[in-house]
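Here is how the chains run, residue by residue.
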Amino acid sequence: MNFSLTDDQTMLKDSVSRFIDTAYDFETRQKNAGMDARRSESMWQTFAELGWTAVLFAEADGGLDGGPVELALLMEQFGRGLVIEPFLANVVLAGGVLKRVASEAQKSAWLTPMITGERQLAFGYLEPQSRFDIANVALTATRDGDSYLLNGSKALVFNGDAAQTIIISARTSGAQTDHDGISLLAIDAETPGISRRPYQTVDAHRAAEVEFVDARIDKDQLLGQAGGAFGTLQQVIDEATLAVSSEAIGIMQTMHAKTVEYSKSRVQFGVPVGSFQALQHRMVDMMIACEQSRSLLYWCLMLAADEDLQKAVSALKYQVGTAGIHIAREAVQLHGGMGVTWELDIAHYFKRISAIDVLFGNSDYHLDRFASLSA
Amino acid sequence: MNFSLTDDQTMLKDSVSRFIDTAYDFETRQKNAGMDARRSESMWQTFAELGWTAVLFAEADGGLDGGPVELALLMEQFGRGLVIEPFLANVVLAGGVLKRVASEAQKSAWLTPMITGERQLAFGYLEPQSRFDIANVALTATRDGDSYLLNGSKALVFNGDAAQTIIISARTSGAQTDHDGISLLAIDAETPGISRRPYQTVDAHRAAEVEFVDARIDKDQLLGQAGGAFGTLQQVIDEATLAVSSEAIGIMQTMHAKTVEYSKSRVQFGVPVGSFQALQHRMVDMMIACEQSRSLLYWCLMLAADEDLQKAVSALKYQVGTAGIHIAREAVQLHGGMGVTWELDIAHYFKRISAIDVLFGNSDYHLDRFASLSA
Amino acid sequence: MNIDLTREERQFRDVIRQFFSEKYPQDIRQKRDAGITLSKDDMVRWQRILNQAGYFAVNWPVEYGGTGWSPVQKYLFDTEMAAVNAPPLVVFGVKMVAPIIYTFGSEAQKERFLPDILESRVWWCQGYSEPGAGSDLASLKTRADLDGDHYVVNGTKTWTTLGQYADWIFCLVRTRADVARKQEGISFLLIDMTTPGVSVKPIITIEGEHEVNEVHFDNVRVPCDQLVGEEGKGWTYGKVLLQHERTSIAGVAVSKYRLGQLQKRSRQSIDGGSALIDDSSFRRKIARVEIALKALEFTELRTLASVAVGKAPGPESSLLKIRGSELQQELDALSMEAAGCYALPFVPEQYDVDVPLDQRIGTGNDTNTSLRYFNNRKASIYGGSNEIQKNIIAKHVLGL
Amino acid sequence: MNIDLTREERQFRDVIRQFFSEKYPQDIRQKRDAGITLSKDDMVRWQRILNQAGYFAVNWPVEYGGTGWSPVQKYLFDTEMAAVNAPPLVVFGVKMVAPIIYTFGSEAQKERFLPDILESRVWWCQGYSEPGAGSDLASLKTRADLDGDHYVVNGTKTWTTLGQYADWIFCLVRTRADVARKQEGISFLLIDMTTPGVSVKPIITIEGEHEVNEVHFDNVRVPCDQLVGEEGKGWTYGKVLLQHERTSIAGVAVSKYRLGQLQKRSRQSIDGGSALIDDSSFRRKIARVEIALKALEFTELRTLASVAVGKAPGPESSLLKIRGSELQQELDALSMEAAGCYALPFVPEQYDVDVPLDQRIGTGNDTNTSLRYFNNRKASIYGGSNEIQKNIIAKHVLGL
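Residue numbers (our numbering), protein chains in the order written: chain Z, 1 to 375; chain B, 1001 to 1375; chain X, 2001 to 2400; chain H, 3001 to 3400.
One should not assume that every hint holds.
Said to hold, decoys possible - Derived SDA-like pairs: lysine to any residue, alpha-carbon spacing no greater than 20 Å straight-line: (1) LYS3141/H with ARG1266/B; (2) LYS3264/H with ARG3032/H; (3) LYS2201/X with THR341/Z; (4) LYS2141/X with SER265/Z; (5) LYS2023/X with PRO2088/X.
Said to hold, decoys possible - Far from chain X, by Cβ distances over 10 Å, these chain B residues were calculated: (6) GLN1045; (7) ARG1143; (8) LEU1149; (9) GLN1164; (10) ASP1180; (11) GLY1231; (12) PHE1269; (13) GLY1274; (14) MET1338.
What the hints assert, rightly or not - Here are some of the chain Z residues that sit facing chain X, going by a computed Cβ distance under 8 Å: (15) LEU126; (16) PHE132; (17) ARG197; (18) ALA278; (19) GLY337; (20) VAL340; (21) ALA347; (22) PHE350; (23) LYS351.
Bear in mind the hints are in silico, worked out from the structure with no lab data behind them. A virtual CB, placed ideally from N, CA and C, is assigned to each residue, including glycine.
Construct all of the structure, not just a fragment, from the sequences and the given hints.
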């Protein structure tokens, strides 16, 4: 029984952490967040050069053979830095699909240039009506000779405005919420019949609503088996859930630390507000909530290949959802008026962690999934 | 809009309150709680002489024409005094059935002597399997000529050991959880075929498990319409729910007041523990929880005759259940070790309010009932 | 005990209800229902409509042009106004500074300031908090030094809501520093925002909107006749104000409207299948809020009933503030939950101009939800944070 | 990162598991499973069985007859023991006083006291708290005044668990009053309960059982060779003890067993129809506890892993205490909820003697549930209340 990192993992953690400290301060982040859809291209190039886009992929695919521990290490630091670069969309979501089911040719076309930073990817797995059910796929891909004809909508496609290639889940057979009959397809964003409506999200990430009207793609753009993609979809989303949960832990720990620091320096009634016992106990509760989240992350990391992983991921997401919102609200409250200003980073941590609760199913969704897997 | 009491109500309240202060101190209560099944007969006689057993009944039945407000006033003070006399069983439950559906002859036989304190009554509305569903009635009453033959069990029959007459719900037709087919019957406790297993409850009240094996009673012991008792049953249980909720408010307010007082006198680290801000805020939260409960009681009292009453009663019971347990736990915690001793009244308030949460459906049950009535 | 309205009260309610159904402008209503931020003009126009009907200065005595309404009448008015989602009044003039002026001001001040407030000709804002004086308001540092027949004001006020629209500001300022208690030496001053040396700097809040400001005073010369009441009594006046208009502090009427909207929203099917209300967890959360709101409503009515028989609302208004803000925030959170993923798009432009619902990102007002959710974290902070309210109750109610 | 056990650890676990399956007496097991309070004899007999197998002094060094186990081995042992619902050890001798004796005691004390503890010949109890010294333990007033080669002890100790069975008591007493800090002047004294002047008075706790006591000392003459270590160092020794054996403080293993029982219980149909687990609200509560318990288990494992690499468990044990007691109490409450109305009967006699399940009031162990629920409110109070634990974390971890 051993919770220590390997030397390589420690090096990775230190390098990301140092980068956040030295090259990704809040001011830089806010400047980049104000830029257009592509954000800072040079920043993304740096991510690629530092090898972070490669970590999660097999050496054969040009990757560094990292696993869930490496993912968690990266994401926790990204949380701490409030990173807005499209890592989740490119690497975890689209990359996660490609590494699992793409052919060698498909990998060369989309995965390799993503890893080098040359190509932007996105993954559309949600639709306006699907809420948290990834099997709720109404967008149809109808076989027509050597092509598929696509009709329908994808919602909240992260990085969907900058992406040159968009992977989507589509229904090739079955009813709207069937697990069977879902397929994965990679589509050039400029394909006729596709229209994108880009927007910013509350946490300064970028997304798009994507409409498909008789968009025609080649049958070679099918990823994996037609109709049999649900298992892959679930694995990718579970990995992404682990990723944002790790990010949430980075955010929680940061918010807690900043609140404790603030409480030591903010003087009211002639004393630091951190000397008030009611606030002290609340900051202890925040710490406990954060530590319990980290413990569940460890559980997930231990189980990475286990059949219980789904259950563990749901436990983790439930926990970071509830603990995250608890910690974030307390952090804002204990910062007083300053906590609700755009100027202070606390507000932006708050917004990111609020967004994370919604991503890939909220606390209630995962509590119910956990309970059903536990029964 | 007027929340004031009438002069008569004020007098009633003052008289009960004075009685609790002068004749029902904790020591007396504990002494009586240690007695056998009948407890202090003289105490019950006093209740009858003071007219409290008469308050809820029509003048024509020998009562004082009181309504829900009078009931709430009495019960709140009973809560404050941790009264163990069988008021709920005799007056609210059994009396509640009789005043609604008994014939004049039946009232003379059972209600009148109960009001004068000469006869003890009980009401068996639960069975071992029924949990909180009062329509779950498996005990059968089978018509056999001029008699009914009773077979089955009643659970947690309050005052069931002392009662000379036990009223029960019984199934005369329909399936086990049907609303139709439930009848109410009044039974002499000494009827052959009835066996009672008496016990004390955690809150020092008395109850019994009652078994019926071919117990034969006369058809005249049927109260109201055969098979049509569910509506009455529900009204009686709703009124009893209002009663124990009022009692709970008396308990909560007392626990809160005692905790505040204790915190002012208990010195640790050289200062009263009530000077610690974390505890101050928790005592404020207790006060708020108590006040919100009282507000919902007012809602119920305003609606007494309204169709929304069921919904309001469920809101109230949900609230006193959650607030009661919250306040009780905090009261014990803030009393420290003393809070978990038999010697201190706090422990006994804790147990009574815990019991009240279970009576007539717990918080979850009433939250769901409220939601279904709200939909 | 009797909650029934008197015949007069029922008639009053009917008249009010008819007024709202006839006079509440369609265009403003559409904006409100679509979650679009009102312009200054919208707000002024609506307040003037109210004033023409005699429904604006609800809290003022009749002699100054107020309604002279009873607490119950005010409660009914608030309830009817919220039921149609009409915009709440901008409180700084009519509800905040006016009572100070008509209670403690000179006759000249009453004549000079009250009519402009009544007719919404002058927009007021509030200068209480300072960067270093939040919960500990009495530690404020903005100085007003006497120089002939003027005060010279230097300092910074913050969290000044809608200060960007304001013509005048009422301030608590320090006129004496050599005092035993910091509450002493504070005075209540009215300042024209066009006076040289006054500057307003926007503060963008968490959700990205400009609602509050910092107001700087750099050697601002204020004529002494703009001092209200006695020098050094400002803290007392301010405190009276805080206890003055508390019957609606809980915001019950607005929360009830919002709960109703949320219930309506949650009964709609998302995709022809199940609705959110079919989720037992969400249904229970809604039920819990409905119960809590009913409890708060009756707490407010109990307070109102005490006020009606002549008791001043005391520290129990702290309870209303705490629970009121908590429930508002709970409704915010449930709205977020209902919106699901469509709580995430941040598209403020579609709420600045009138974008038709079907051309918006997301469904209905969902993408507006997060703005309110984030912004309203302030509800438990401003007006005396909930922690301060608990301190007040602990001290003044529990005697701790 | 790797949670897999080594081959040796797996073997160890298998041996332990076999031991429990073979040596855990059937009659004690039946009592435990039926919720019947064990007699003193039961407990002594079980501890002797453990000691014969060499599994009793799990925390002691080998030289004194201990197991010398690693933290992981202790964890595995606790887990296996809880999995069969075996009774936990009576901690006062083996886990509390013994480490003080073998760490700070004289050789003579070690020889005199340790073997009797090892073989459960002497029952110890704890004399720390006093009626006026609860959370503020260092304010204790029990005096030990030197008189020749004896201390004369006067005062009262309270919350002395199972003191009615005890032969000896270890006490913190004040040997000097003229000290700068109240923590100074406290000494650690071992007292034979049969010494004249010692009297034990039962305290009945909330649920009606006799578990704790007040112990009075009236001019009790204690030979000086029963002082452990140096005079005036008692507080230091006591604190070392507090941090000594914290790996099992959270009670995770026992809570896991109880959760399993509760899940089993909630899957049983009440009346041939639906089971409690079919109630979505109850199911979610169970799931929440399961998640929280898993989080706590991994928090404990993280602490264990630090201890294994040589780091002493510090203030994080306060976190284990807080969450551990909260979850125990949450399980108590859920058991109450599962029992429904059958939580109410108070029939202690059916748990004193072996009444067959089908002759009990209520179903299964339901009527026992409330006893545990009420009694266990102490979990957040004793051993340093959860408020004190939060103060410790605030000060020592957060630096507030």
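Verification of the hints:
1. LYS3141/H with ARG1266/B: Roughly 16 Å between the alpha carbons, so the hint for LYS3141/H and ARG1266/B holds.
2. LYS3264/H with ARG3032/H: 17 Å, holds
3. LYS2201/X with THR341/Z: 13 Å, holds
4. LYS2141/X with SER265/Z: 19 Å, holds
5. LYS2023/X with PRO2088/X: Status holds; Cα separation ~15 Å.
6. GLN1045: 31 Å, holds
7. ARG1143: 41 Å, holds
8. LEU1149: 42 Å, holds
9. GLN1164: 36 Å, holds
10. ASP1180: Per Cβ check, ASP1180/B is outside 10 Å of chain X; nearest 27 Å; holds.
11. GLY1231: 24 Å, holds
12. PHE1269: At roughly 16 Å from the nearest Cβ of chain X, PHE1269/B sits farther out than 10 Å, so the non-interface label holds.
13. GLY1274: 5 Å, violated
14. MET1338: The assertion about MET1338/B holds, with a minimum of 19 Å to chain X.
15. LEU126: Holds. Min distance 6 Å.
16. PHE132: 7 Å, holds
17. ARG197: 7 Å, holds
18. ALA278: Constraint on ALA278/Z satisfied, holds at 7 Å.
19. GLY337: 5 Å, holds
20. VAL340: Cβ of VAL340/Z sits 5 Å from chain X, so the hint holds.
21. ALA347: 4 Å, holds
22. PHE350: 7 Å, holds
23. LYS351: 6 Å, holds
Checked against the numbered hints given earlier, the structure breaks only hint 13 and satisfies all the rest.
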